[in-house]
Amino acid sequence: MVKEIERAGIPVVHVCTVTPISMTVGANRIVPAVAIPHPLGNPSLSAAEEKQLRRKILTTALGALSTEVDGQTIFEVK
Amino acid sequence: MKLEVGYIQIRDISLADESRIDDGVLYINTKELEELALEDEHLEAVSFDVARPGESIRITPVKDVIEPRAKVEGPGDVFPGVVTKMSTVGSGKTHVLRGAAVVTVGKIVGFQEGIIDMTGLGAEYTPFSATNNLVVNFTPKEGLTAHEYEAAIRKAGLKIAYAVGKLGVSHKPDEIKVYEFPSIIEATKLYPDLPRVGYVLMLQSQGLLHDTYVYGVDMKQSLTTMLSPTEIMDGAILSGNCVSACDKNTTYHHQNNPVIEDLFEEHGKTLNFVALIITNENVYLADKIRSSDWTAKLVNYLDLDGVIISQEGFGNPDTDLIMNCKKIEETGTHTVIITDEYAGRDGTSQSLADADPSADALVTAGNANQVVTLPKLDRVIGTLDYTDKIAGGYAGSLADDGTITVEIQAITGSTNELGFSRLSAR
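Listed in order, the protein sequences are those of chains G and R. Note that the first sequence covers residues 1 to 78 in my numbering. Note that the second sequence covers residues 79 to 504 in my numbering.
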């Protein structure tokens, strides 16, 4: 899906846990997610902490979307 | 470690008033086993059936398959840290009821449990159509969580297999095999000219009912470590795994790991089998990186010449497999990987989710997406209520005429990645 949408000219950020698979399939902008059963959250955190974590992943993804890349790039969540 | 395994051939199972083995027939008093199973307050009821090779019987949804075994001489006894007291096993003497298996079924735990057909096309895809099966059907108490229910039937199945296995302790085995696993230093002195070969056994540990237990420890909480292969024969590794039926390792598979059997067979002839490394398949990327780093480190410390790696399951564990392969190859050690494929129903899709050029020697156990139509059988042990929902099935799998059209993914052990299967290529 990542590749087909990009082929249509729209940049894509792939947020995923297993970034090596994302590299193998050829995504250009990759943001690491938390874990396979809960990619965009962490049930072991408090609700407030989890909200902050989600916001960080989202802002990293939005930042990646507006960043020029020369090749496959992983944007770490800070 | 040295383990003597005595095989007592079982040619039939019969339900009877007294539990015993007589002339190759395993007689079972189900009342005793029922009491044993119902010691667990999570279980409401349990019933027993026998399914023999060739009978028109379908068993589903299958949870685990266990070979009845018990130790004749210790230390310890089978399934240590879970059914028996914690003790290092893998030496002394163990008796096996060969040709018999305990198969646990019941209301589904996860949506990934399998089918065993005792006859017809389905029987050709599962090794457990060739065993005499004591099928244990569990009914849980109302209100249990999936995890409580899974743990209860896992343990009850093991307790039953151990109780049945103990019936063979006083019997003279039909065949005896001796497995000896010396220290790496001794082994290297013994066969200095043969290549030192290790085996990396990957264990499913994704959580959410995809788990494996080693001496009672949940493998996702363990770092990569080492065992003697004889410990596995004594039930040190147990399945708590509801992943797709075709390529999950049941407890029976662990007890009879064919990679280990074949490495022992070649030991001292073409190779020197010196190490068994067990590692996990977790759901955090950092865990995958850490565990595969550790695997490669151990291979490097042990100065191995070659390594066989077997995977369990599919999908994201393909990354664990490729990481193990790539990092071990980087230490200068050759690898062969054993996996299976999800190449689509026509077999033309990419087989694995991950890949690397260093994975240049691979054994496949088959394409799990291959579709088969299983005939209607006379009797069902368990229930067909979930046939459309198990992995490999779909809405409409169970037709009005009683046939079931499914991917072989739904058949227990069909593409087993230890190679404990019947598929081959022309």
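Hints were generated in silico from the structure; no laboratory data involved. Cβ coordinates follow ideal geometry from the N, Cα and C atoms, glycine included. Fair warning: there could be bad hints in the mix.
[Stated by the list, open to error] For the chain R half of the interface with chain G, some residues (derived, Cβ under 7 Å), not all of them:
1. D101
2. Y105
3. L286
4. L287
5. T397
Hint check results:
Taken as an interface hint, R:D101 does not check out: its beta carbon lies about 51 Å from the nearest beta carbon of chain G, beyond 7 Å. Taking 7 Å as the C-beta cut-off, the interface hint given for R:Y105 is violated, the closest approach to chain G being about 45 Å. Taken as an interface hint, R:L286 checks out: its beta carbon lies about 6 Å from the nearest beta carbon of chain G, inside 7 Å. Residue-level restraint check for R:L287 is violated (minimum Cβ-Cβ distance to chain G is 11 Å; threshold 7 Å).
The interface hint given for R:T397 is met, as the beta carbon of that residue sits about 5 Å from the closest beta carbon of chain G, less than 7 Å.
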